[in-house]
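*Asks:* Residue strings, one per chain:
Protein chains: 2
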Amino acid sequence: MTGSNNDSLLVVGSIAFDDLDMPSGEFRSVLGGSATYASLAASLLSPVRTVGVVGADFPESFLEQVRARGVDTSGIERAEGQTFRWHGRYSSNLASRTTIDTQLNVFANFAPRILSVHRTCSFVLLGNIRPQLQTDVLEQMPRCKYVAADTMNFWIAGEPVALALLLRRVDLLIINDEEARALSGIDNLVRAAADIRKRGPKALVIKRGEFGSLLFDDTGTFFAPGYPLEEVLDPTGAGDAFAGGLMGYLVSRGEVSPSVVRQAMFFASALGSFCVESVGPARLLAIGRSDLAARIGAFARLVDHGGNLGLSV
Amino acid sequence: MTGSNNDSLLVVGSIAFDDLDMPSGEFRSVLGGSATYASLAASLLSPVRTVGVVGADFPESFLEQVRARGVDTSGIERAEGQTFRWHGRYSSNLASRTTIDTQLNVFANFAPRILSVHRTCSFVLLGNIRPQLQTDVLEQMPRCKYVAADTMNFWIAGEPVALALLLRRVDLLIINDEEARALSGIDNLVRAAADIRKRGPKALVIKRGEFGSLLFDDTGTFFAPGYPLEEVLDPTGAGDAFAGGLMGYLVSRGEVSPSVVRQAMFFASALGSFCVESVGPARLLAIGRSDLAARIGAFARLVDHGGNLGLSV
Chain Z
22 MTGSNNDSLL VVGSIAFDDL DMPSGEFRSV LGGSATYASL AASLLSPVRT
72 VGVVGADFPE SFLEQVRARG VDTSGIERAE GQTFRWHGRY SSNLASRTTI
122 DTQLNVFANF APRILSVHRT CSFVLLGNIR PQLQTDVLEQ MPRCKYVAAD
172 TMNFWIAGEP VALALLLRRV DLLIINDEEA RALSGIDNLV RAAADIRKRG
222 PKALVIKRGE FGSLLFDDTG TFFAPGYPLE EVLDPTGAGD AFAGGLMGYL
272 VSRGEVSPSV VRQAMFFASA LGSFCVESVG PARLLAIGRS DLAARIGAFA
322 RLVDHGGNLG LSV
Chain A
22 MTGSNNDSLL VVGSIAFDDL DMPSGEFRSV LGGSATYASL AASLLSPVRT
72 VGVVGADFPE SFLEQVRARG VDTSGIERAE GQTFRWHGRY SSNLASRTTI
122 DTQLNVFANF APRILSVHRT CSFVLLGNIR PQLQTDVLEQ MPRCKYVAAD
172 TMNFWIAGEP VALALLLRRV DLLIINDEEA RALSGIDNLV RAAADIRKRG
222 PKALVIKRGE FGSLLFDDTG TFFAPGYPLE EVLDPTGAGD AFAGGLMGYL
272 VSRGEVSPSV VRQAMFFASA LGSFCVESVG PARLLAIGRS DLAARIGAFA
322 RLVDHGGNLG LSV
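These protein sequence lines map, in sequence, to chains Z and A.
For the numbering used here, add 21 to where a residue sits in the first sequence, where the first one is 1.
For the numbering used here, add 21 to where a residue sits in the second sequence, where the first one is 1.
By construction, these hints were calculated from the structure, which means they are not laboratory data.
Some hints could be false.
Computed footprint of chain Z on chain A, listed as stretches where at least three residues anywhere in the stretch have a Cβ under 8 Å from a Cβ of chain Z [said to hold, decoys possible]: (1) 37-50; (2) 98-107; (3) 318-332.
If you want the footprint, here are the derived chain A segments under chain Z, 3+ residues with CB under 8 Å [unchecked claim]: (4) 146-156; (5) 166-177; (6) 206-215.
The C-beta atom is built at its ideal place from N, Cα and C for all residues, glycine as well.
Chain Z with its partners taken away, still in its complex shape:
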């Protein structure tokens, strides 16, 4: 598909206060949520319109920070009550985390309403929310041309029928390896991917954190590495930043050819790598396009094998 040059990315998802117990300290009421991380990452590459809900307690200064990145926040509803809050604790090497508490608050009754001015977006990123709500968004956007979606084990186990209906309408599913295994019931990722693609998604990205990510599409299988960082502070939101970076790049190119999607995987991985360099979204809020260009250059060197890989037989 080819889009028009003035396309935007519509991002739907959660906006949250995160309470983070990290090896480096305890951080409270950090700006978080899938829509936040995805929107900030995408904003370096394309216009972004964010749809979500916050409570009366959500500081206007947080929305200002997001708007300062050029994100259109007019689709963020302010509801009576408190903002969604997640409290997580990470292991000492950051390799695993446990949820201490989840308070859905205003997010419990979230029903995304897409403003008419936003219904022209050709590209939609459906962050990890209830599958029926993801479908409701698509119902409101009949002109949408390319749909990416995330989900999680909670919906895979709890709402398989609604999720199956959604998957039939998804162009690109972006999930992690655990989710791919849970969704397919298959441990091997290559076979899991084949199974999942039969359920609807034309393409599938499986994220493996620091170990990189795999793309499965009609052209074949593609791999993009994680960036080898000297310091990782907080993995929160990295998967959302990855998805936002991927979709932002597709919007910026205005097309979704196999090679453009492959290039987008590096922008996704680069934005995920920035995300983990700070607690919360501070690093995503601080970087500019020149930082992104420099990291993309480092990625290019990371995978440049400098020649023909042929072998005479």
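Mind docking chain A on chain Z? Use the hints.
*Replies:* Coordinates of chain A only, in the frame set by chain Z:
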């Protein structure tokens, strides 16, 4: 460095009977050992001369199988007593293994003697044996131009001084992520790599199994993915096949430029990926150069992002 066209790879390491408790069954007296796997992998790419020891119980037919791949086994000594035997048990998803029993047998008194006809090899791969023995090999080969070595946590913890002396003579150290962390005492692999390279090795490869491998050298950092396989039967020897494939490719090119080493990483990963497709070395024994060429082609597609990764700023 540049070598001559008739160079060979000298491989020193263990030759073993492996008793393997796999999810797919129990396998006894399987041909194994680091020198075996490395030699078989390298043999698809270059002439190989193997140095090791076997006991009186080692079947001549096993040596015949290795020779049939063009490997020169004249450096394999036959000693009184029994062959080295390792008994390992893998977890159901093959992600971890435990050693049930190790019987060093004739390997306990192994002192590698390099035949004069083998001392002309420009490239040496020192498999994982006692560090002092690895150094002894180098003492016998003053004309050797490029040395790669492996080691393991047992020597890192138990023989740090002998290992430190060896590392000063190593061009390329090929170890896994656990070993890199143990050797450096640093959890982060980028910083661990910088620390290890200060100890001598001009270049370092850190293997991460199915997650691929990282190369650190004066040119920078390079990443080669693991090949996404539909079925993995037995990881035994994959790291040795990786090292053998890497060195075999360097010998075949006769030079060790940064781009040749980067290309060699794909041949290494390809040979590691074949290795795990059978229990024991059966798959390495069965494949030919056309199989390797096909897999290298698949690797090239796996990482081909089809264009410029630039970003206008």
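*Asks:* Now tell me if each hint is right for this structure.
*Replies:* A quick look at each hint next to the structure:
Only residues whose C-beta sits within less than 8 Å of a C-beta in chain Z count toward coverage, and the stretch 37-50 of chain A has 0 of them, not enough to reach three; the restraint is violated. By the rule of at least three residues with a Cβ nearer than 8 Å to a Cβ of chain Z, the coverage given for the stretch 98-107 of chain A is violated, with 0 such residues. Counting residues of the stretch 318-332 of chain A whose CB lies closer than 8 Å to any CB of chain Z gives 13, so the stated coverage by that chain holds, three being the minimum. Coverage of the stretch 146-156 of chain A by chain Z is violated [criterion: at least 3 residues with CB-CB distance below 8 Å; count 0].
Residues of the stretch 166-177 of chain A lying with their CB closer than 8 Å to a CB of chain Z number 0, which falls below the three-residue condition for coverage. Counting residues of the stretch 206-215 of chain A whose CB lies closer than 8 Å to any CB of chain Z gives 5, so the stated coverage by that chain holds, three being the minimum.
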